[in-house]
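Line by line, the protein sequences give chains A and B.
Sequential numbering from 1 applies to the first sequence in UniProt numbering.
Sequential numbering from 1 applies to the second sequence in UniProt numbering.
Just so you know, not all the hints are guaranteed correct.
What the hints assert, rightly or not - EDC-like mimics (lysine to aspartate or glutamate), calculated; alpha carbons at most 16 Å apart, straight line:
1. B:K84 <-> B:D73
2. B:K84 <-> B:E62
3. B:K84 <-> A:D223
4. B:K84 <-> A:E172
5. B:K69 <-> B:D32
6. B:K84 <-> B:E104
Said to hold, decoys possible - Among the chain B residues that face chain A by a calculated CB cut under 7 Å, a handful are:
7. C26
8. P30
9. L61
10. Q79
11. L80
12. I82
13. E83
14. A95
15. N99
16. V115
17. K118
Claimed, not checked - Anything over 10 Å on all C-beta distances counts as not near chain B; from chain A, calculated:
18. L114
19. F144
20. A174
21. L177
Hints listed in this document are in silico derivations from the structure and should not be mistaken for laboratory results.
Virtual Cβ for every residue (Gly too), placed ideally from N, Cα, C.
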Amino acid sequence: MPSADRLAKLFLIPLGAFVLAFFLLPMVRLVAVAGSGPNGLAEYLVLITNPRHFGTLIATLLLSATATLATLAIGVVVALFLGRNRFPGQKALIAMLTLPLAFPGVVVGFMIILLAGRQGLIGSISQSLGMGRMVFAYSMAGLFAGYVYFSLPRVMVTLLAAVEKLDPSLEEAARSLGASRAQVLRDVILPGIGPSLMASGAIAFATAMGAFGTAFTLATRIDVLAMTIYTEFTLSANFASAAALSIALGLITWGVLALTRNFAGDRVAAAG
Amino acid sequence: MTDTPAPTGAAITLSGCGKTFPDGTCALEPLDLQITPGETIVLLGPSGCGKTTTLRIIAGLESPDAGGKVLFDGQDVTQLPIEKRNVGMVFQSYALFPNMSVIENVAYGLRVRGVAKKERLARAAEVLEMMRIDQLAERRIDQLSGGQRQRVALARALAVRPRVILLDEPLTALDAALRDHLRAEIDGLLRRLAITAIYVTHDQAEALALGDRIVVMRHGAIAQIGSPRDIYFRPADDFVASFVGVTNRLEGAVRGGRFETAAGSIAVAGPDRATASLAFRPETAVLCGAGDSGLRFRVEQVHFQGARQRVQLGAADGGRLVVEAAADAVLVVGDDVGLVLDPARFVLV
Ligand SMILES: Nc1ncnc2c1ncn2[C@@H]1O[C@H](COP(=O)(O)OP(=O)(O)OP(=O)(O)O)[C@@H](O)[C@H]1O
Ligand SMILES: [Mg+2]
Numbered sequence: 001m002p003s004a005d006r007l008a009k010l011f012l013i014p015l016g017a018f019v020l021a022f023f024l025l026p027m028v029r030l031v032a033v034a035g036s037g038p039n040g041l042a043e044y045l046v047l048i049t050n051p052r053h054f055g056t057l058i059a060t061l062l063l064s065a066t067a068t069l070a071t072l073a074i075g076v077v078v079a080l081f082l083g084r085n086r087f088p089g090q091k092a093l094i095a096m097l098t099l100p101l102a103f104p105g106v107v108v109g110f111m112i113i114l115l116a117g118r119q120g121l122i123g124s125i126s127q128s129l130g131m132g133r134m135v136f137a138y139s140m141a142g143l144f145a146g147y148v149y150f151s152l153p154r155v156m157v158t159l160l161a162a163v164e165k166l167d168p169s170l171e172e173a174a175r176s177l178g179a180s181r182a183q184v185l186r187d188v189i190l191p192g193i194g195p196s197l198m199a200s201g202a203i204a205f206a207t208a209m210g211a212f213g214t215a216f217t218l219a220t221r222i223d224v225l226a227m228t229i230y231t232e233f234t235l236s237a238n239f240a241s242a243a244a245l246s247i248a249l250g251l252i253t254w255g256v257l258a259l260t261r262n263f264a265g266d267r268v269a270a271a272g
Numbered sequence: 001m002t003d004t005p006a007p008t009g010a011a012i013t014l015s016g017c018g019k020t021f022p023d024g025t026c027a028l029e030p031l032d033l034q035i036t037p038g039e040t041i042v043l044l045g046p047s048g049c050g051k052t053t054t055l056r057i058i059a060g061l062e063s064p065d066a067g068g069k070v071l072f073d074g075q076d077v078t079q080l081p082i083e084k085r086n087v088g089m090v091f092q093s094y095a096l097f098p099n100m101s102v103i104e105n106v107a108y109g110l111r112v113r114g115v116a117k118k119e120r121l122a123r124a125a126e127v128l129e130m131m132r133i134d135q136l137a138e139r140r141i142d143q144l145s146g147g148q149r150q151r152v153a154l155a156r157a158l159a160v161r162p163r164v165i166l167l168d169e170p171l172t173a174l175d176a177a178l179r180d181h182l183r184a185e186i187d188g189l190l191r192r193l194a195i196t197a198i199y200v201t202h203d204q205a206e207a208l209a210l211g212d213r214i215v216v217m218r219h220g221a222i223a224q225i226g227s228p229r230d231i232y233f234r235p236a237d238d239f240v241a242s243f244v245g246v247t248n249r250l251e252g253a254v255r256g257g258r259f260e261t262a263a264g265s266i267a268v269a270g271p272d273r274a275t276a277s278l279a280f281r282p283e284t285a286v287l288c289g290a291g292d293s294g295l296r297f298r299v300e301q302v303h304f305q306g307a308r309q310r311v312q313l314g315a316a317d318g319g320r321l322v323v324e325a326a327a328d329a330v331l332v333v334g335d336d337v338g339l340v341l342d343p344a345r346f347v348l349v
C-alpha cells in the first residue's frame with residue numbers, strides 16, 4: 001500500500017515539527033543557558049568541579065540506589081507471596097497496595113511526616129516503649145522511606161505480573177532435581193523475572209534521582225540534586241549552574257536507563 | 001564428591017491415595033498400586049481422569065488426602081517433599097531452564113548436590129553422549145528443536161541417577177514421525193537403565209508399545225491394570241475396550257454352546273446366556289467366502305490402505321463391524337462374505 005505509506009509520511013512532518021518544538025528547543029535552550037554564565041563553558045562540569053555539588057551527586061546516587069534495591073527486595077517478596085497464594089480478599093489487598101500510585105511526591109512526603117515526623121506514629125510508639133521519640137522524617141532516612149513508598153506500588157505491579165507469567169513447571173523441575181527453596185529462587189525465579197526486575201528497578205531509580213516533591217515537603221536542607229537545582233535556580237538565581245546541573249542529572253539518569261534497557265534486552269533474548 | 005550408586009529402580013507402592021483439591025474437585029478416588037523395581041508402568045486414560053494427579057502424588061508435588069501413603073522401597077515417603085525423593089521428572093512443556101545452556105541444564109541436578117564443576121560437567125557430557133546430543137552442549141535452549149528439547153529434558157532428569165523417572169506426556173508436543181522415533185528411543189533407554197518408570201499418556205499406541213504394564217484410568221479410578229496384551233485382547237469392560245483401539249461387538253445369546261446373532265452363529269465355550277455380546281479386534285478376524293463359516297455379512301465399504309484393506313461389514317440387524325483384509329483380496333461392495341473368528345482372541349461378555 002504505497003499510497004497509505006505516503007499518507008503516513010505526510011503526517012510525520014507535522015508530528016516531527018511538534019516533537020522538535022516541544023522537546024528539543026527547551027533542551028537546546030538549557031544547554032545554551034548553562035554555557036552562558038560567568039564561568040563560560042567550564043560551567044558544564046560544575047557538578048564535578050564544585051565539591052559541594054559533587055558531594056550532593058554522590059549522596060543522591062547512593063540514596064537512589066539503596067532505595068531502589070530496598071524497593072526491589074520488598075517488591076519481590078510481596079509479589080511472590082501474592083502471586084503464589086490464593087486467599088479471600090486478595091484482590092482488595094492488591095488494589096489497596098497500589099493506591100499510592102496516584103499520590104504525588106508532596107502527599108508521600110506528608111505521609112512520611114505523619115509516620116516518622118515530630119508528632120508521628122513511630123515517635124509515639126518508640127516513646128511509649130521508653131526509647132525516646134524517634135524522628136527521622138526530615139533526614140535522608142525519611143527521604144529513603146518516601147522513595148520506597150513511592151516506587152513500591154509500581155515495582156510490585158510489574159513484578160506480580162512477571163511472577164504470574166513464570167512457568168510453574170520450571171520451579172517443579174528444579175525441585176525434582178534436588179534444589180532447595182533458596183536455590184530455586186536464585187536459579188529459576190530471579191532469572192525468570194530478571195527483565196522485569198531490571199525494568200522496574202530502572203524506573204524506580206530514575207524516579208528517585210529526580211524526585212523533588214517528597215524532598216521539598218520533608219526539608220529544604222536535604223542535599224539531593226533536585227533540591228540543589230531548585231535552590232540554585234530560585235534562591236541564588238544562578239541560572240547557568242542550575243541548567244548545567246539539570247543537564248548532568250538528565251544525562252546520568254538517561255544513561256542508567258539506557259544501560260539497563262540494553263542489559264535487560266539481552267536477557268530477554270537469552271530467555272527466548 | 002557425592003556419588004550416587006548405579007541406578008537401580010525403586011519399588012513404589014501407593015496405598016489408599018486419593019486426592020480432593022481445595023476447591024472440592026475430587027481428582028482421584030483412593031487407589032492402590034504396586035510397581036516393581038525397574039518396571040515401566042503406563043498411566044493411560046482420557047483427559048481429566050487423574051493421570052497427572054497420580055504422577056504428582058508419586059513425585060511429591062501433591063500430597064494425597066489423609067490416609068493415603070506413598071512408599072519407595074517399603075519406606076514411607078508421604079511427607080517427603082519432591083527435592084528429597086530423588087525422582088527424575090520430564091514435563092510435557094520440557095521445563096528447561098532458559099537462562100542456562102544445554103549442558104548447564106543437564107548438570108543442574110549435580111550442581112545443587114554440590115558436585116564440583118569439573119566432575120559435574122564431565123558427567124553431564126556423558127549423559128548428553130548417551131542421548132546422542134553431545135554436539136548441542138553449548139547451545140541455548142531457544143536454539144533447539146522440539147525433539148532436541150525432549151532429549152535434553154530426559155538427559156537432565158537422568159543425570160542425577162534417580163531411582164524413579166516420571167514422564168508426563170513427554171511426546172505429545174511432537175509430530176507423529178518424531179514421536180514414533182523418540183518413543184522407541186525412550187523404550188530402549190528405560191530398559192537399558194533398569195530404572196522404574198512411570199509414563200503418562202492418553203495415546204493408546206504409545207501405551208501399548210512402552211508399558212510393561214498399563215494402568216487404564218477413568219474418572220479418577222483405575223479401570224484395569226494389566227500387560228498390554230491383557231488390556232488389548234481381554235479388556236475388563238466396554239470403556240477399556242473402546243479406549244484401547246477399535247473393537248467390534250456382536251450382540252446375541254448363547255444357546256447350547258453356540259453364540260447366536262443376527263449374522264449367524266459360531267461355537268463358543270461356556271453356559272447358556274439369554275443376552276451376550278462378543279467382542280473382538282479388527283485384525284483378529286479373517287474374511288472367507290459366504291457360507292464357508294457360520295457368520296455372514298454384507299460388504300458396505302472398502303478402504304485401501306497400502307499394506308492392508310479396511311473393510312466395513314453390515315449384519316442383517318443393522319450392526320456394523322470393521323475388519324482387515326489382505327491388500328490383494330478382491331472385495332466388492334454389496335457382496336456377501338463369511339467371517340472366521342479365532343476363539344482364543346475374542347471375549348464373550
Ligand atoms: N490444582 C487443581 N485444582 C483443582 N482441580 C484440579 C487441579 N489439578 C487438577 N484438577 C482436576 O483434577 C482432575 C484430574 O486432573 P489431572 O490433571 O490429573 O488429569 P489428567 O488425567 O492428567 O488429564 P490430561 O490428560 O488432560 O492431562 C481434573 O478434573 C482437573 O480439572
Ligand atoms: Mg495431565
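Going through the hints against the structure:
no., hint, result
1, B:K84 <-> B:D73, "holds (15 Å)"
2, B:K84 <-> B:E62, "holds (14 Å)"
3, B:K84 <-> A:D223, "violated (53 Å)"
4, B:K84 <-> A:E172, "holds (13 Å)"
5, B:K69 <-> B:D32, "holds (9 Å)"
6, B:K84 <-> B:E104, "violated (21 Å)"
7, C26, "violated (19 Å)"
8, P30, "violated (24 Å)"
9, L61, "holds (6 Å)"
10, Q79, "violated (15 Å)"
11, L80, "violated (12 Å)"
12, I82, "holds (5 Å)"
13, E83, "holds (5 Å)"
14, A95, "holds (4 Å)"
15, N99, "holds (4 Å)"
16, V115, "violated (11 Å)"
17, K118, "violated (19 Å)"
18, L114, "holds (40 Å)"
19, F144, "holds (32 Å)"
20, A174, "violated (7 Å)"
21, L177, "violated (4 Å)"
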